[in-house]
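**Q** Spelled out, the chains give:
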Amino acid sequence: ETGVTQSPTHLIKTRGQQVTLRCSSQSGHNTVSWYQQALGQGPQFIFQYYREEENGRGNFPPRFSGLQFPNYSSELNVNALELDDSALYLCASSLGYSGNTIYFGEGSWLTVV
Amino acid sequence: AQSVTQLDSQVPVFEEAPVELRCNYSSSVSVYLFWYVQYPNQGLQLLLKYLSGSTLVKGINGFEAEFNKSQTSFHLRKPSVHISDTAEYFCAVISTGGGNKLTFGTGTQLKVEL
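Sequence order for the protein chains is F and S.
One point on numbering: in our numbering, the residue at position 85 of the first sequence is 85, and numbering is uninterrupted.
One point on numbering: in our numbering, the residue at position 8 of the second sequence is 8, and numbering is uninterrupted.
There are no misleading hints in this set.
Distance windows between CB atoms, simulated:
#	chain 1	residue 1	chain 2	residue 2	range
1	S	Glu66	F	Arg51	30 to 38 Å
2	F	Gly16	S	Asn68	45 to 53 Å
3	F	Leu11	S	Gln71	38 to 46 Å
Partial pick of chain S residues on the chain F-facing surface, computed with a CB cut under 10 Å:
#	residue
4	Val4
5	Gln6
6	Ser9
7	Phe34
8	Gln38
9	Asn41
10	Leu44
11	Gln45
12	Leu46
13	Cys91
14	Gly99
15	Lys101
16	Phe104
17	Gly105
18	Thr106
Don't read these hints as lab results, they were simulated from the structure.
All C-beta atoms, glycine included, are put in the ideal place defined by N, C-alpha and C.
Take these sequences, add in the hints, and give me the full structure.
**A** Here it is in structure tokens:
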């Protein structure tokens with residue numbers, strides 16, 4: 001139990017649609033990151049938020065966007081879904097960064113058909 | 001930029017036997033190193049991490065890892081595995097001063113057999 005909760009756990013969307021995934025970080029954690037894990041692959045960094053500001057982004061197109069709220073919960077939005085967006089999306093939280101333990105949620109499984 | 005290589009995609013081993021999962025990294029700056037475990041249909045759980053100090057790091061569930069700067073390696077070991085250790089193991093790095101962006105390897109599937 002990491003204290004990081006994600007919703008929904010599973011969802012199916014049609015190509016071209018939009019999706020919002022939600023994450024509640026561990027209490028007191030002010031840094032949230034999102035990762036995409038395709039089947040059989042390691043997680044890939046999408047972006048990170050620190051105190052409601054994006055402060056790092058991986059190699060993902062602008063249709064991947066996010067928000068962090070004052071209570072440090074977070075959303076990941078993906079527009080114009082493509083088949084290759086099918087993956088497990090992981091949220092991770094930590095207190096600050098640079099070595100502090102990063103806790104992962106159970107993930108949201110997205111299938112795009 | 002940094003990268004992580006996990007040379008073995010699958011490692012089969014018998015129960016109570018020792019195991020080593022290999023991890024090599026590449027980075028132009030100092031890094032922090034991590035091992036995570038992922039059980040089927042679950043998120044990632046931290047096994048252990050190396051930030052500084054002693055190069056031998058002990059983690060949960062009897063796992064340990066040794067940081068070798070000259071060989072840029074951070075291999076994970078367990079002297080005696082159990083069926084419940086069957087899972088996917090990921091090595092990851094963060095560059096110091098690089099926020100909390102984890103760069104993961106492609107993972108090693110550890111399969112423990114009776």
